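In order, the protein sequences belong to chains X and V.
Under my numbering, think of the first position of the first sequence as 1, with each following residue one higher.
Under my numbering, think of the first position of the second sequence as 200, with each following residue one higher.
Keep in mind that the hints are not guaranteed to be accurate.
As the list claims (entries may be wrong) - Quick list of in silico lysine to any residue cross-link-like pairs, SDA-like style, CA-CA up to 25 Å:
1) LYS84(X) - SER266(V)
2) LYS84(X) - SER305(V)
3) LYS84(X) - VAL299(V)
4) LYS84(X) - ARG262(V)
5) LYS84(X) - ARG298(V)
6) LYS84(X) - GLU303(V)
7) LYS84(X) - THR306(V)
8) LYS84(X) - VAL398(V)
Since the hints were derived computationally from the structure, they do not count as laboratory data.
It should be emphasised that the depicted structure is a prediction, and the values quoted were computed from it without experimental measurement.
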Amino acid sequence: MSTLTPGFHGRPRPQGVALPPGQYVETGFPVLSAGPTPRLDTASWRLDVTTETGVTRSWSWAELMALPQDEPTVDIHCVTRWSKFGTTWRGVSLDMLLAEVESTADFAMVGSYGGYTTNLPVSELLGGKAWIAHTFDGAPLQPVHGGPARLLVPHLYFWKSAKWVNSITLMPMDRQGFWERLGYHDLGDPWREQRYQGD
Amino acid sequence: MTEAPARLGARYARPSGWQIATLVDAWAESPSARTLVLEVAHWPGHMAGQHVDLRLTAPDGYRAERSYSVGSAATRSTVPDGSALDGAAPARVELTVQRVAGGEVSTYLTDVFAVGDAIELRGPIGGWFVWSPERDAGTPVLLAAGGSGLVPLMAMLRTRREAGDRTPFRLVYSVRRPEDRLYVADLDRLAAAHDGLDVQVVYTRSVPLGSMRGPGRLERRELAAWGWPAEIEPACFVCGPTGFVEALARQLVSLGHDPARIRTERFGPAAD
């Protein structure tokens, strides 16, 4: 269904960049979250990866920092319709973190300090597509943007890139996280405009 | 872990498909904000705090979409899960749009969009930042609004009035200048009913004549005085620009409120 909107012309269209449907270019870095920003101390920070058999592997902040670091430059797309091009991050690839984890699970529930959760297929976390990011634009990631560390899955809508990440739980069956239970899409591919369940 | 196998939000949070809505009335809510009354043919009902998506299409096919909170009182759901338009009833839905300088969509909606024009709409959307008298009555509520963040909170106050609900509510509303206030007359009426709603307005840039308080941001001690003690475990809804929401949520946490009872909705670029 399409209808013209009389008198609407819109901004000049961005040239030479690929913008998913329904998105606009943002140069700032908007903040969206469902509750207060937690203030976390890296001294007690940890990341737990738990398999479907209940085996947990943990990393402290120092252990995370000791791993090989990537510096991805990626475009990010928020479901509230802003896209930001060429963001630069530093962090650890999930390929690195999950390489030795024994699991046949197809789904993951990512959990955060503060209680936020989001679900993703494991396939979206592997293959150089996802990181635990702790540095943005050359500086430590600020708390409002998910610091000290957030998941970074830039090829999906940004609510999947859980701020204040502290757990990844592997699951044989998909279950829904915070926004997904409230009607948002289980995968969230911006190029297919999967904003809500049923899109 | 809090995830559940069933999607509880599906009953009300699943947006229906795009449909055409018609602007049937509109008025200035302030010099820079406009209330739009949209007639929607198939409306499954909404909860206070939910929003809709609007989609605009330019002659060359370019499209822009934005979300706007519904400011009118909740309407009871007419279909079981909101997923089907069959059986959904026609309704009038009010949105209030704040004009953003240089805004691609807001300037169209405040300055160009005319009564009789059509626009694509879908919704209602959102199941987190919501208040319903059926579900939430009895728990005291603090509403904190910055600027046009008042819109979804106004829907909560109007819903409370229409339901005859007497749940104690306190609203703290921060605006730059007196002329920026939204819903002035209706908010005065709500407060004058003396049925358990207290309203405090603070001005950050300039104050009305005779005001006892000078211009300035809401302070922690004011929030402590005008909000609820953390011990009674109120539900807190904070909506506004990011800087406002960050500051308020942080103050509430420092006053002892459980972060799990503070729901936030933000818009606009990060202050930093």
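Tell me, in ascending order, the numbers of any earlier hints that this structure violates.
-> 8
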